[in-house]
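**Student:** Listed here are the chains, written in short residue letters.
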Amino acid sequence: MTKPILEVKDLAKYFGGVKALDGVTLEVPERGVIGLIGPNGSGKTTLFNVVTGFYVPTRGEVWYAGERIDGLNPNEVFLKGLVRTFQIPRLFPSLTVLENVLLTPPRQVGERVLTAPFRSKWEKQEKELARKAVALLRKFGLGEYVRARVSELSAAHMKMIETIRGLITDARVYLLDEPAAGVAYTTARELFTFIKRLRDEEGLTFFIIEHRLEVLMDFVDYVYVLHNGRLLSEGKPDEVMSDPKVIEAYIGR
Amino acid sequence: MLPSFDILGFLVSWGTFLGIYAILAISLNLEVGLTGMANFGKVAFYGIGAYLAASLSVYTVLAVYHVAAAPYTTEGIIALGKYGGASPALDLGIFAASLMLGFIIAGCVGYLLTYPTLRVGPAFLGITLLAFGELLRIFLLNYQPLGASKGLSGIPHPFLWIPDPVLRERLYVLVVLGFLAVTLWFAERITNSPFGRVLKAVRDDEVAALCMGKHVPRVKATVLFIGSGMAGVAGVLLAFYMSSVNPNMFVPAVTFNIWAMVILGGMGNNKGAVVGAAIITFVDRILTFITPNLGITIITPDYIRWMIVGILIVLVLMFMPGGLVPEKPIKTPAWEAVESLEKESKEGGSGGGEA
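Those protein sequences? They're chains G and C, same order as listed. Mapping to the working numbering: the first sequence position 3 is 3, numbers consecutive. Take any residue in the second sequence, note its place counting from 1, add 1000, and you have its number in the working numbering.
Chain C extracted, bound-state conformation:
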């Protein structure tokens, strides 16, 4: 007999992770799938968002309630637990401010990092960003005001003032999925626009795009600003969900997990990125939910997860090289104009033929 399984609880937990990772996957797809910039440092911008939300919220709460203790000390954590849910306005205000600042600061860091890297060639961008992510993690590991290796905890959940934790989580998943919807809408709109056409042109042939008058470095910097900003927002959402952050949450494996989602779902397709994120987070969540009940002790869910992801990627790439949802042509109103022209000339043509 199967042990009891909380289906709604599972869906809420999966939905939250799906939302956060799908935002990351869409942002990576904009960079890699559409513009051809291999970003191996995605986790850095995710981490910036998460740490921004964590530090902003804990320091603000302690300052508002005049607690002298630092947030990483025992007194600090106790004070955060005591005052965290005291004021709905403060909790929601911190949440909103974190989201905005998370987007802007992560975006600006991404934008600034393009400055030294775009001029040296595509491979350097990926490696520089990878190195940047590791540098950031090692910095966080040693920087005491941000909790060093223990990280920061007691981040006040935006709905902490609601007494029922189950309701709190259900409200939060709706917020996360709302952000995913906005991100997907925005990504789809810019993909199917003249801007999206420029992105694909830059991906196909940078030099030719330059010769067609496109300011390639500016285009890439813009995309990295948007992509990093989105990752920052995902980081903020993660920090408030987990209520704590530490440097080990932001290892390079996270970046490769997001790459796996984009490859699985289909490079160059935003909806594919969401599908990829849904599959991989589903595997992750179901293993986390099931394994304790199965009593498997020889192998941890982490290993099984990586094996499943690896097998999935190999199978999908063997049978569907474009991913589960392959790239689609750009849809702009230009094609409507072409269709009406073709209709006209067909009518005109047949008329002329008879005459």
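Looking at chain G on its own, in the form it has when it is part of the complex:
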């Protein structure tokens, strides 16, 4: 594996007496597709929330591309190059698909209130971004939805657009929270094929929470298993799946 782009060192997050995360250390290599699994309440989403700046950790560190990022706000984490998606796609319903993508690039000239009224100052940038956005949507077969409202899209398309809108920025790492939840088996496989394609063609890194192991295990390079806020097991998919501790955590009491 190549050098890690995202590193989590002895990370802990306590909510009162509840130890949602209790000393987790893991790393995500550049251009990796890494899984994060574990039973409900094992701390997967809490880990994502700490990494993306929603929570300040009780203990430990988060490093991204050689920079310490724990304690930053979510918007600052995004600006560093980490994109996060949610279990239920969180697109903006009153904007079109194109506008959802156009919203993403940071520090746009027309987003400042004093330049916004003067079209000539940002028109060129806006048109360039629009061409880039259309090209991206077409590349992934979504060209016909440029003008569509988000509410007109299927769940799978929403999930794809959530990821695509990060591509218009320099974001390198994508944290996906259950991308296959709520879609049919074949659609889930299509989504993971899409993720692989993004890794191969764009050189992106993925760190994925997923409950549907039958889909996940065919696509990931490496898996971390969380249980009660601690790392239970890690390894290649087949190693993890045959680990008796993992089987016990998932099936046994």
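Bear in mind the hints are in silico, worked out from the structure with no lab data behind them. A portion of the hints provided could be inaccurate.
List time: in silico DSBU-like cross-link candidates among lysine-lysine, alpha-carbon distance up to 30 Å [what the hints assert, rightly or not]:
(1) G:K132 <-> C:K1328
(2) C:K1328 <-> C:K1343
(3) C:K1331 <-> G:K124
(4) G:K132 <-> C:K1331
(5) G:K139 <-> C:K1331
(6) G:K127 <-> C:K1343
(7) C:K1343 <-> G:K132
(8) C:K1343 <-> G:K139
(9) C:K1328 <-> G:K121
(10) C:K1346 <-> G:K132
(11) G:K127 <-> C:K1271
(12) G:K124 <-> C:K1271
(13) G:K121 <-> C:K1082
Just so you have them, the derived chain G footprint on chain C, three or more residues with Cβ under 8 Å [said to hold, decoys possible]:
(14) 1206-1213
(15) 1332-1342
All C-beta atoms in this analysis are idealised placements derived from N, C-alpha and C, irrespective of residue type, glycine included.
Once you've looked at the hints, dock chain C against the given chain G.
**Tutor:** Leaving out everything else, chain C in the frame of chain G:
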């Protein structure tokens, strides 16, 4: 036979109120309709502007003419009447200074109020602002230097040096409508820009906007600064038109009246806010003009006005849920780029198909 009705006089009076309230409605629409911040304290910023204009003008006039009396005493009010129209430069200067300070001070108060409220959630913002408005009104009701319950009067009209009061009012309505035009232009421009896109994103889903790298608290504080500043300007325009202010002009009902305008006109549409303001101020003015002539004594125009506004809102929301002028998609040059791309690919596509 209908009693005599001064149509031009009515239009001037309606135009002035329309202008002032449309500025308020546009500012509320920026906050509520576009950014999703429920501002139940709009009247506070309106009041700040009005009281700023009132206190600045009366104290300046008294100081310039070396009158020792306070502005709320009988001597003070007589002195204000005597010296008010004496100097055009002074009157216009005070007017200009009030407008600028009204925008900045009301805006800054709005900006500062976001600091404790934005971190606790949207419902708290509305209630905190509502409470702030009432606190301010009760403070004014008891603060003697600003006239306490009697308020301040004798505010010199910016055109007081013009002898003809009718001409004075006609000039003033043009000034007010000029400010409305600038406000509408500015609001439309920022709505149809990448900034407007960020506002709608914040309204739709704050957390997702945060995840897309947008500094949500700063965006909201900026909008509240602008919205409050606009309300401050409206307050300044009101104070000079009425020539007096008192705390009872700034009760919470004023806020809800502005909400009614935005709901009626269409949430999220600046032009709708103007339409809503036009309708409600029209009902208000026509009742004020007509009722004395009809000799109705059982019921006051105030009650009729509230009933009409209520019925209008119910009817509009039943048949046009988006308001009279519903929200429109954002128009930025991005769509021009998309259209030219679509044209290219259509030509390219058909060419490829034949080959």
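**Student:** Sort out which numbered hints this structure fails and list those numbers smallest first.
**Tutor:** 13
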